[in-house]
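Visitor: Chain by chain, the residues run as shown.
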Amino acid sequence: MITYDFEKPIVELEKKISELRKYAAEVNIDAATELGSLERKRDVLSQEVYAGLEPFQRVQVARHPQRPYLQDYLRLLCTDFMELHGDRRFADDQALLGGFATLAGRRVLVLGHQKGRDVKENMRRNFGMAHPEGYRKALRLMTLADRAGLPIVSFIDTPGAYPGIGAEERGQAEAIAVNLRDMIGLGVPVLCVVIGEGGSGGALGIGIGNRVLIMENAYYSVISPEGCASILFRDAKRAAEAATALKLTAKDLLQFGIVEEIIAEPIGGAHRHPEHAAQLVKAALVRHLDELCAMPPDALRQQRYEKFRRVGVFSEA
Amino acid sequence: MSLFSRIRRRRPPIPDGLWLKCQSCAEIIYVKALNENFKLCPKCNHHYLLSARERIDLLCDADSFSEMDAVMLPGDPLNFVDAIPYPEKQAKAREKSGENEALVTGTGTIEAIPFALGVMDFTYIGGTMGSVVGEKAARLIELARDRRLPLLIVSASGGVRMHESIIGLMQMAKTSGALFYYKQAGLPFLSLLTNPTTGGTTASFASLGDIILAEPNALIGFAGPRVIKQTIRQDLPKGFQSAEFLLEHGMIDMVVPRPQLKATIAGLLRYLLRLPVEAPPEPAPAAASAA
Chain W
48 MITYDFEKPI VELEKKISEL RKYAAEVNID AATELGSLER KRDVLSQEVY AGLEPFQRVQ
108 VARHPQRPYL QDYLRLLCTD FMELHGDRRF ADDQALLGGF ATLAGRRVLV LGHQKGRDVK
168 ENMRRNFGMA HPEGYRKALR LMTLADRAGL PIVSFIDTPG AYPGIGAEER GQAEAIAVNL
228 RDMIGLGVPV LCVVIGEGGS GGALGIGIGN RVLIMENAYY SVISPEGCAS ILFRDAKRAA
288 EAATALKLTA KDLLQFGIVE EIIAEPIGGA HRHPEHAAQL VKAALVRHLD ELCAMPPDAL
348 RQQRYEKFRR VGVFSEA
Chain D
13 MSLFSRIRRR RPPIPDGLWL KCQSCAEIIY VKALNENFKL CPKCNHHYLL SARERIDLLC
73 DADSFSEMDA VMLPGDPLNF VDAIPYPEKQ AKAREKSGEN EALVTGTGTI EAIPFALGVM
133 DFTYIGGTMG SVVGEKAARL IELARDRRLP LLIVSASGGV RMHESIIGLM QMAKTSGALF
193 YYKQAGLPFL SLLTNPTTGG TTASFASLGD IILAEPNALI GFAGPRVIKQ TIRQDLPKGF
253 QSAEFLLEHG MIDMVVPRPQ LKATIAGLLR YLLRLPVEAP PEPAPAAASA A
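Protein sequence lines correspond, in order, to chains W and D. Just so we're aligned: 99 in the numbering used here is position 52 of the first sequence, and the numbers increase by one with no gaps anywhere. Just so we're aligned: 294 in the numbering used here is position 282 of the second sequence, and the numbers increase by one with no gaps anywhere.
Everything labelled a hint here was simulated from the structure, so no lab data went into it. Quick reminder that beta carbons are idealized off the backbone N, C-alpha and C, glycines included. Warning: the hint list may mix true and false statements.
What the hints assert, rightly or not - Pairs of lysine to aspartate or glutamate, DMTMM-like flavour, derived with a Cα cap of 25 angstroms:
hint, chain 1, residue 1, chain 2, residue 2
1, W, 298, D, 88
2, D, 101, W, 282
3, D, 104, W, 363
4, D, 101, W, 363
5, D, 104, W, 282
6, D, 195, W, 193
Claimed, not checked - Label pairs and their in silico Cβ distance ranges:
hint, chain 1, residue 1, chain 2, residue 2, range
7, W, 65, D, 250, 57 to 63 angstroms
8, D, 246, W, 99, 38 to 44 angstroms
9, D, 250, W, 149, 49 to 55 angstroms
10, D, 295, W, 234, 50 to 56 angstroms
11, D, 79, W, 357, 22 to 28 angstroms
12, W, 99, D, 243, 31 to 37 angstroms
Please construct the entire structure, taking both the sequences and the accompanying hints into account.
Guide: Okay, here's the thing in structure tokens:
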């Protein structure tokens, strides 16, 4: 597992714990007191480290290759998943998946970005960067869910919509724009959760929810810190500075009223405890779905539009 | 998403001098000739940037434009500082462009047809979209819906303004959402893309026109050419992301040279609004008998 610099003291302690446990087992002594004390020390340290993370360090956590992805959540949260494929125009985008799922006894449509964990899978998943056909597939499935009366749960985790020749030729901008417009018109609940990277238009393209939730160590921004640094500061190496300036952390987003709730992560981050993280996500999803499912279609449309309509900071003389 | 810095560096505004070397064909051109020719190079027809006011004068009937929300000013929700603090950047942009923000909105007539019009000004921070652009666009769309007016938005934009980050990004949702209700009302939206239109502007209202027009050779895209080149690590095909490239790929309806814009837009509106056909001139009897 990749270890970031700020995680090193925690990993050191974990190493000590496992060494002691092994030793105690070998020589058959009772080290419960010492182990308990070390574990407490580790938890306190983790809590301190994670509470004090700089914005760019959170971006690193959001990008951790062991962080749970859409398919992990499907496995950990849903009792059923029937994947549906293709945009009926060009292709089936493997960077953006969707299908019917059962979540805590509720039938829903789940969609979201899917990253890969190794080179081979990432070639197929395009690092979670969807092409226009991904956004068109998403809209096709959402329209279907609308007709069937199924609530929609959207998992956001992308560095951004793919910037390539084919994507431009096939109308990446148009595909996203149409989703932004037509998601406003959906008469079923739309619940979005940013589980990792909320990369700009690529995230927003499936992000027009009645409510938008975000995990504690996820981020959501108009541009990557690296991209911002290279354009505004003329130096991609100043990404950490850009990450701070962009106010892209979960806390910032809650303060701006962009997200409704931060889903806490287990101490040490979702990548260290995926099962526990999934349970926390599930509890939040179920609670919000229950509330949204009580709303009639027109109220859902109107509340969704109002949510985005009111965002903006300006003055009028 | 924003590319304005690169574009601005490469394409400086027209200096106040009498003569100018054309950015495109390097011909020395007389500035007065340029100004009297819709700001097209008399030699190569290169379309120079129009300010929002010049564009309004080009499209609206004389004195018909009535501006709305003219004094809406941006805030600084992020306390953003790049080379200079964002409020200073706004002040400089106001001075440079003569506009309070990157979008001018209002109502007017085009060949006597009442319409709602929004025009972006690229000189104001690269025509980038922040809270003010989003709010003014949304109000324009809502007003057009309430008054049942056809709508034209002229884009020239580097995308979402980074200085407003996530709040800027949400303006894409706001403007597109307003267009959902506009479309539902059965009203026609025309989008005109001018050089350059990229990023979050293209990925929201600019691409949602029932009819999409573009000026010749305008750069139009989602990602900027430099970002794409860096990502795919190969050279881009010739003419990539030009208006003509988009026409060829089915992404826009027409490429319209500037001198024909007003008549073309008015002509389209007459169809979309089903205005009565003016009596055609009587055919000459000789021509009729020959047929």
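Visitor: Give a verdict on every hint.
Guide: A quick look at each hint next to the structure:
This hinted pair checks out: residue 298 of chain W and residue 88 of chain D have alpha carbons roughly 18 angstroms apart, not beyond 25 angstroms. Among the hinted pairs, residue 101 of chain D with residue 282 of chain W is consistent with the structure: their alpha-carbon atoms are about 20 angstroms apart, no more than 25 angstroms. A hinted pair counts as satisfied when its Cα atoms are at most 25 angstroms apart, and residue 104 of chain D with residue 363 of chain W qualifies at roughly 19 angstroms. The hinted pair formed by residue 101 of chain D and residue 363 of chain W meets the criterion: a straight-line CA distance of about 19 angstroms does not exceed 25 angstroms.
Restraint check for residue 104 of chain D and residue 282 of chain W: satisfied, since their Cα atoms lie roughly 23 angstroms apart, inside the 25 angstroms limit. For a cut-off of 25 angstroms, the pair hint linking residue 195 of chain D to residue 193 of chain W stands: about 19 angstroms separates their Cα positions. Between residue 65 of chain W and residue 250 of chain D the CB atoms are about 60 angstroms apart, so this pair conforms to the stated range of 57 to 63 angstroms. Roughly 43 angstroms separates the CB atoms of residue 246 of chain D and residue 99 of chain W, a value that falls within the hinted 38 to 44 angstroms.
Roughly 51 angstroms separates the CB atoms of residue 250 of chain D and residue 149 of chain W, a value that falls within the hinted 49 to 55 angstroms. Restraint check, residue 295 of chain D to residue 234 of chain W: a C-beta distance of roughly 54 angstroms satisfies the suggested window 50 to 56 angstroms. About 24 angstroms separates the C-beta atoms of residue 79 of chain D and residue 357 of chain W, a value consistent with the hinted range of 22 to 28 angstroms. The beta-carbon spacing between residue 99 of chain W and residue 243 of chain D, approximately 34 angstroms, falls within the hinted interval of 31 to 37 angstroms.
When each numbered hint is compared with the structure, no violation occurs for any of them.
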